[in-house]
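Participant: We have chain A; now place chains B, C and D onto it with these hints.
4 protein chains.
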Amino acid sequence: MPHRAPGAPGQSGSSFLTGKPIRYYRPNGSPDIRRLVDEGFQAFNAGRLSEACQIFSEKMLAPDRDTTIGLTLAGALTPAGLGGCVIELMDRGLVDFIISTGANLYHDLHYALNFTLRRGSPFVDDVQLYEEGIIRIYDVLFPATVLLETDAYLRDFLVRSGMNEPTSTAEFHYRLGRDLLDRQPGCEEHSVVARAALAGVPIYTSSPGDSSIGMNIAYHELVNSSRFMIDPNKDVNEICAIVLAGTRNGCVILGGGSPKNFYLQAQPTLWEVYGIPKGGNDYFIQITTDQVVWGGLSGATPSEAVSWGKVIPGVLPDTVIAYSDSTIAFPLFCEYVIGSPNGRRPRKELVHRRAELVARLSREARAAREKKLEVKT
Amino acid sequence: MPHRAPGAPGQSGSSFLTGKPIRYYRPNGSPDIRRLVDEGFQAFNAGRLSEACQIFSEKMLAPDRDTTIGLTLAGALTPAGLGGCVIELMDRGLVDFIISTGANLYHDLHYALNFTLRRGSPFVDDVQLYEEGIIRIYDVLFPATVLLETDAYLRDFLVRSGMNEPTSTAEFHYRLGRDLLDRQPGCEEHSVVARAALAGVPIYTSSPGDSSIGMNIAYHELVNSSRFMIDPNKDVNEICAIVLAGTRNGCVILGGGSPKNFYLQAQPTLWEVYGIPKGGNDYFIQITTDQVVWGGLSGATPSEAVSWGKVIPGVLPDTVIAYSDSTIAFPLFCEYVIGSPNGRRPRKELVHRRAELVARLSREARAAREKKLEVKT
Amino acid sequence: MPHRAPGAPGQSGSSFLTGKPIRYYRPNGSPDIRRLVDEGFQAFNAGRLSEACQIFSEKMLAPDRDTTIGLTLAGALTPAGLGGCVIELMDRGLVDFIISTGANLYHDLHYALNFTLRRGSPFVDDVQLYEEGIIRIYDVLFPATVLLETDAYLRDFLVRSGMNEPTSTAEFHYRLGRDLLDRQPGCEEHSVVARAALAGVPIYTSSPGDSSIGMNIAYHELVNSSRFMIDPNKDVNEICAIVLAGTRNGCVILGGGSPKNFYLQAQPTLWEVYGIPKGGNDYFIQITTDQVVWGGLSGATPSEAVSWGKVIPGVLPDTVIAYSDSTIAFPLFCEYVIGSPNGRRPRKELVHRRAELVARLSREARAAREKKLEVKT
Amino acid sequence: MPHRAPGAPGQSGSSFLTGKPIRYYRPNGSPDIRRLVDEGFQAFNAGRLSEACQIFSEKMLAPDRDTTIGLTLAGALTPAGLGGCVIELMDRGLVDFIISTGANLYHDLHYALNFTLRRGSPFVDDVQLYEEGIIRIYDVLFPATVLLETDAYLRDFLVRSGMNEPTSTAEFHYRLGRDLLDRQPGCEEHSVVARAALAGVPIYTSSPGDSSIGMNIAYHELVNSSRFMIDPNKDVNEICAIVLAGTRNGCVILGGGSPKNFYLQAQPTLWEVYGIPKGGNDYFIQITTDQVVWGGLSGATPSEAVSWGKVIPGVLPDTVIAYSDSTIAFPLFCEYVIGSPNGRRPRKELVHRRAELVARLSREARAAREKKLEVKT
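Chains as they are written, first to last, in the working numbering: chain A, 1 to 377; chain B, 1 to 377; chain C, 1 to 377; chain D, 1 to 377.
In case anyone wonders, no lab produced these hints; they're calculated from the structure. Do not take every clue at face value.
These stretches of chain B come out as covered by chain A in the derived footprint (C-beta under 8 Å, 3 or more residues) [to be verified]:
#: 1; region: 72-86
#: 2; region: 202-211
#: 3; region: 224-232
#: 4; region: 249-262
Nothing here was measured: the structure is a model prediction, and the numbers come from that model. Ideal Cβ placement from N, Cα and C applies to all residues, glycine included.
Chain A with its partners taken away, still in its complex shape:
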């Protein structure tokens, strides 16, 4: 048995695949939910979630604050159907760039390509799933062929794109999104990657090799001798440049993990590495179930981030962590925010401004180095 892969052919009619298809739920600003959040969510994590909704709606989105807002995604959000929330936020200009695990983007492609993930149970027999070629993400179930066909699409895209040099993930995801829009018209309604390309929202991945997308790019290098690769340096510098350009900066962090750190390290990069004075975040919202007491960065508080210069010392009242599964809290958050008076902003379309912003970062970094050398002399 070990020398066989799951997803053997001819196993398509599994009894495991009887749950409802998972759809991208689109929040629409329910007044009832706004009332619940304002009046019913008064204390404990309900209170924190209510605060998060208010900080985002009333402060981060206030036109005069001009906040550049990053959204980070960790945990299996697109498999759970939360892509619709992200699509809605991008379309309304409420997030300006995204840092995601590769897995969330890879699984988003299933929706774009019209494959079906289904509601299931976390209490199923995995050995039997393996025998029947069913893949499980906690309680989300789908045939292994979905992986194989998504991979085939990705490899074809890599070939036909002609990309052949080190590239940032924002550029890569943008071109992938354009390809989806071309080949699957209308898929921007059910694909974060496609919608991001349309809305000009750059999507970054902090661990570019660490997903089926990365696996297929590695295949492309090994088997097709391509010179296409992700250049993490470009990602670091583009994100720094975006943060540097922000009048104010704020984030919504779902989960934690590597995307959280990748976002938060932008400010230390500026002062610690580039020598450019720029304060930390003005706003910080996290929805997570990780705990500060385990000591990891996923659970680290805005307060700890102050010592690193990641968060401005004076703004702790504008930071909040709501401890909850994102699958529950994030749709509530989006309903609230979308129904708020600031529920739509002009889009910044940063994906088209990356070169310009990196050039500015480069100028300031070189100037800082000159100045430092002068001081030494």
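Facilitator: Relative to the frame of chain A, chains B, C and D by itself:
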């Protein structure tokens, strides 16, 4: 205040820095601890930890099993002084390759370079820390100058190394380790990166831009116009090649996060992307505080991994998760393992075999593709 | 300082007490929230919460099932304003009896007596709170005088009630509720204890000494030489009798803790101690953040309960745990349930049927003992 | 199937019962473990556990501090074999009184009566366990007959003890322990209840009806028409009296739950209810996996307790929470403490001083009331 970085000069004599220096504790195989684990750790997570100790000592390390063992590191382990455990395992041939967050490797450099991190408290005033230029990692405290000087070392190394092309993180960390050994003789006793270079243990990072190491490489590209970069494709393929070459495969996962997935995706890469039949892991040990019910990969069980072909269906008895802070459980685990009859193995020194193993992967991948094309024709 | 109590007089105008008053939010069956739960909560804990809503609305409340439903309360729910949800469920006949920590009932009295608890922050200086005589429950703040005046009410009630013998907590809480209704007309809108008395819902406490209510009863014995006391035997037997009488049995467990076990032990009491054959629960819903892997009863699964005979082996599909802070999940659950077609049932008014049901238990227990003795002879 | 109890006769030879018997491990003060705790446990929860060991050994046990030390037990500790640690602490005079869940005491009786609990797995089929009459506590397995025979012993004890009136749990457990010592000579080596009787350590239960012990007492009342019952008032007052009499007070809290609150409420009872000025705890150690952010009392911090007068404001440095499964951390803690220079103290034998201490409480309470009435006049 926002337009200033922490770590302002002249703040060195902080009253926060009065705790004991953190040292790399070296486990030495205490019989008392072995007795406690065998006789006192009987149920609940103590029972799981006891099982993990036994699976590792008696099965994974058994000479006739010839298990290729990966260790993944997430969470702030080197800041907490756990580097000594990792050094001991590498020196004794008990782990064959490592996947770590960049942060653990970056903070390891402080020890190599003789900077001092100190025991502190998580309940300190971060605004005051910021004012005094003290950095906090949960309850570990040190001056911001430690960051700046470690960064300076890294940038100097990048310049003098002359590296100027896409590189795997294993190669990069190996060269960094060699440089440390040259310039800080004896530092292999207190540096994971240095010891790994000496012991031939390749170290990978799944999120290469996501740490101060990545930040300084990005600086090197932007300001020095270097063409040096991390090529994630090389990492993906090297790890696949190592796993493919293993007679048996097993892992010790500390924490979870991106390193966990980067390790576990090797088998799906083989069957799903490369079409090479190779079973999943034979052994799976995780020490974590993350929970399965939040649905993320960090907390996903060996059972869930079966459906993905990451773990061999028949071996679930040889998989175990002990729910504990690694700072408590990992030293106990190492004491037990080192004191066991299999507490030393010949080292595989895989860092020097990467090219050979990738060549084999490449041959098998091309052969698999040929076969598939033939079938279609 | 140690020899002074918090709540010193003259500290009433604290700057800590500026947050909004906490009110008992009343769910009203929002169709928007039902839509979110049905269509947006598809996987992970959102999926579990959606299942819980459906099991409760469609099965437990189905008229032909005639399910006797227990609700258990642990964690600070009334301080967080969740009493309104409990009131609504009782009024609509959707829960038949309650097991609560004493703290939830004690703090409910503040609302009944028109004292004000306020929204605050968990990040305040507790030494300063102590100095100013402010009490903190996580992020809920109120003056220590609220404790002192609630205690005074309780002690006066104990005196004027004339109760002077061992009593069940259901009887005690019923009489307390009647007293509140007499003295604070209309308070059934903002007191769980008062509403329960009106709606005939018995309220039990598994740890009768363990709250300020228990403290004041102990005072009454020590200082007034009263013979009034809680008799835990009566509680155990009343709950067993209620469960025995149920056509079907089901529970909604908030948090876990001692109330969870007190509910679940009813079935083992019946078979293990009384020798009366009666199956376990037919339905089991828990909202908690406690985890199975820590091994405690709070986090124990319905599956583990099967081995104890607490849950019927065949019904695991009708059991669900949603991992979430109750402050978020319970209001959503109540909105859903109340808006469902089964959102109102005839009330069982069990508080008035306790004697009759215990008499039946007594008969069956004696009969079972006779039968057992006969078998031995 | 629902109308049958687990534990059907003739199922004794289960294949589930093949694991090693669980024994009460006795810590003996290992110097290796002391070295690990001092030198290897430097940060994060290892650091906290190290602090807890030092606070207990060097401060709480210091002869000149004369600290009255309470130990609270929640979570399934005796089933996991941790009773040996508690026995050792009692024998050495290192804890003066205990507050435990009933379940820990009930399962302790199995050891006293020579029944065998076995190591197992949490991943077994509970429906099959039910069929075979095996009871599961997470990963601890034993036949249902163990419950039935322990219950029979308890009911016989209740009959032969002749107890027939309201009693404190300390008195009840003391008499139960004496009975065990009489009938099972030598059982003080493997029974907490028996050892406590021998060592004069009073054991309280905050939720007296909530365990199989409480269930059998309830049976005794219902079926035998006994007037024996637990009087929670006596428990509240005895604990208050013990705390009032302490030169200094400190606690070791395992888990949390109702026993934690029952311990901590003693000080509020004194100032809030009895009007007796007495400061809060001088020392506070908790080992738990519960989290502050869920808002419950189990996870509440020493800091929050300050606002209630449960902890002296000035002593926060002498309070610590180590987040860990008690099955791992508590044996380490005991090894450390027992090997310390203060690893043995004269026993206070408080079980014999309860009447005297309650009389003192009564005097002071009446005096405080007189004084208050005078002030009013």
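Participant: So which of those numbered hints doesn't the model satisfy?
Facilitator: Going through the list in order, the structure violates no hint and respects every one.
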